[in-house]
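Engineer: What follows is the residue order along each chain.
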Amino acid sequence: MNTAASSQTFCGARFAATLRRDWRMERSAWGVRFLAMFGVLVLFVLVTSWFVHKVVPEESEPYYGSTVYIDGIEKIGLAFVCYFFLSIFISLGASLFHSGYGTAGQRLNELMNPASTLERFASRFVICIIGVTVAYGLCWELADWTRVLVMHLFDRPAAPHVGFFETFGVVSSKTGYITGLIICGTACSQASYALGSTIWPKLSFLKTFAAMFVVQSIYGMAIGYAMSYFLAAHIGSGDVISAPAIHTSMGYTILLVGSVVWSLFCYITAYFRMREDEIIDRM
Amino acid sequence: MLKIDNLTFKYPGRNNATINDLSLTVPEGGVYGLLGRNGVGKSTLLYLIAGLLTPASGRVEFEGADTRKRAPHTMASMFIVPEELTLPELTLRDYVAINAPFYPNFSHDDLRRHLTTFEIDPELPYKLTSLSMGQRKKVFMSFALACNTPLVLMDEPTNGLDIPGKMAFRRFIASSIDESRTIIISTHQVRDIDTLLDHVLIIDSEHVLLDASTAAIGEKLAFVHTSDPAVAERALYAQPSVGGISAVLPNDGSYETEINLECLFELASTRPDVLAQLFKK
Chain E
1 MNTAASSQTF CGARFAATLR RDWRMERSAW GVRFLAMFGV LVLFVLVTSW FVHKVVPEES
61 EPYYGSTVYI DGIEKIGLAF VCYFFLSIFI SLGASLFHSG YGTAGQRLNE LMNPASTLER
121 FASRFVICII GVTVAYGLCW ELADWTRVLV MHLFDRPAAP HVGFFETFGV VSSKTGYITG
181 LIICGTACSQ ASYALGSTIW PKLSFLKTFA AMFVVQSIYG MAIGYAMSYF LAAHIGSGDV
241 ISAPAIHTSM GYTILLVGSV VWSLFCYITA YFRMREDEII DRM
Chain G
1 MLKIDNLTFK YPGRNNATIN DLSLTVPEGG VYGLLGRNGV GKSTLLYLIA GLLTPASGRV
61 EFEGADTRKR APHTMASMFI VPEELTLPEL TLRDYVAINA PFYPNFSHDD LRRHLTTFEI
121 DPELPYKLTS LSMGQRKKVF MSFALACNTP LVLMDEPTNG LDIPGKMAFR RFIASSIDES
181 RTIIISTHQV RDIDTLLDHV LIIDSEHVLL DASTAAIGEK LAFVHTSDPA VAERALYAQP
241 SVGGISAVLP NDGSYETEIN LECLFELAST RPDVLAQLFK K
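Same order as they appear, the protein sequences are chains E and G. Oh and the first sequence: position 113 is 113 in this note's numbering, straight run, nothing missing. Oh and the second sequence: position 89 is 89 in this note's numbering, straight run, nothing missing.
Hint data in this document are derived by calculation from the structure and do not stem from the laboratory. No false leads were slipped in.
Simulated coverage check for chain G against chain E, where a stretch passes if three residues somewhere in it have a Cβ under 8 Å from a Cβ of chain E:
1. 45-56
2. 60-73
3. 99-113
Taking lysine-lysine pairs in the DSBU-like style, the calculated list, with each CA pair at most 35 Å apart, reads:
4. G/127 - E/207
5. G/10 - E/207
6. G/280 - G/220
7. G/3 - G/166
8. G/127 - G/69
9. E/202 - G/10
10. G/69 - E/202
11. G/69 - E/207
12. G/127 - E/202
13. G/69 - G/3
Given the structure is predicted, the values throughout are model-derived calculations rather than measurements. Just so you know, even glycine gets a beta-carbon here, dropped at the ideal spot from N, CA and C.
My request is simple: use the sequences and hints to build the entire structure.
Structural biologist: Take a look at the structure:
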């Protein structure tokens, strides 16, 4: 790799070498994480499938005895498991964005690597953001096929395989909106945890979670106080207070734009924090 | 080649600057010994040179580039061997496979040669984390010099090495010297490196107490071991040692002695004005 001739900001060969280095250094750890993710998903989809059929037996009542209804409840349960663990695992994955900077020795290894900040950032993005999301989708597919197989082996009725993307359409007919909301939520969560990991490389997940909890609590309280103040001024005045009408598509657009802006803010801040990294942790 | 201009650095939470307005120029080629008391900022200076810390003021330039910007080209031209190493859980082969591509002049032959000098199997099948501290250091230093970067920074490289390891270290450095490579070694173990040095840098937090080649030091100072009290009286510095006195004398040309780095260091620390006068540029 001729570093002198190549760009000092981004060079494809150097990025490939950085990605290879990052992946090779953590390959075993990611393998274990993948197995853990698969194990947790298998456990929860099996429990969901098993107990939905147990508590709602097909022959109990004609109304509840509909196979379609049972499948529907089971699918909603499975979709809930899928969303819940998606939010957990992608956040955990994103919180490893800056994990190689936990100690002075690790920092030194990373900082002395002759790659630009953009290359190191992109490499971590590919592994911790894109890679984890793809791995989760793959885990889900494997886990649900395992559920179908196990239920079949125990001769228990169960919903057919629910694919990763199929779960998006289970809870609502508005598949597009649901898909959009899941993507927005996922992107915001990943970006927040990625930023959190650049601030707290150690115990990043817990610290970011705590920080987000505090920020959201303060935000909620501020809104609550503002609303109570606003309403108190109108009580007894005879005014009719009506919320401005927001069309679903408008609300959806606001949410989408807000998510993109927040995610970009988090990633740009994370990039600059990475660029300013030193061997000592100044926070 | 390496230029340090009015460098000041202060760790967060400390009142005093660790390095205060330090200026220094290190030309290309040679082995430099960086000496100083505990806490004067030797390791900090190496980190600043490598761009791993942000100075409060001043800058470090290597081959014309500000090292703090850590441009890939600059980082590929230098290698730092820290005092304490953290190596990944990989075999040597894998470690080399993922790190060597970043260094355009990396030589597998040199790596084999250096590992052989340290009596380490070049086909080492174990994970690096399973090695002892000393073995890890030997492997890492071998990799560092096999990268053939123009600048190598070593912080206490002989800490953790056994006696044969220290002897091998001297052979290892001696076999790696060439005109285009500068090796800066920061250490307190002066006897491990005293025969290797081309140049001695002694610093305190604010001043460069001595910046001179070993040839110039040999010309101007004589390091003697004597039992004659009269010699001690006219010495610039003298200290009791086994069987007599170790002394540093002004060299009028009649002495050809080996440098005693311990005495030189004490002379620089206790009488910096004398050294400044002798080595005035």
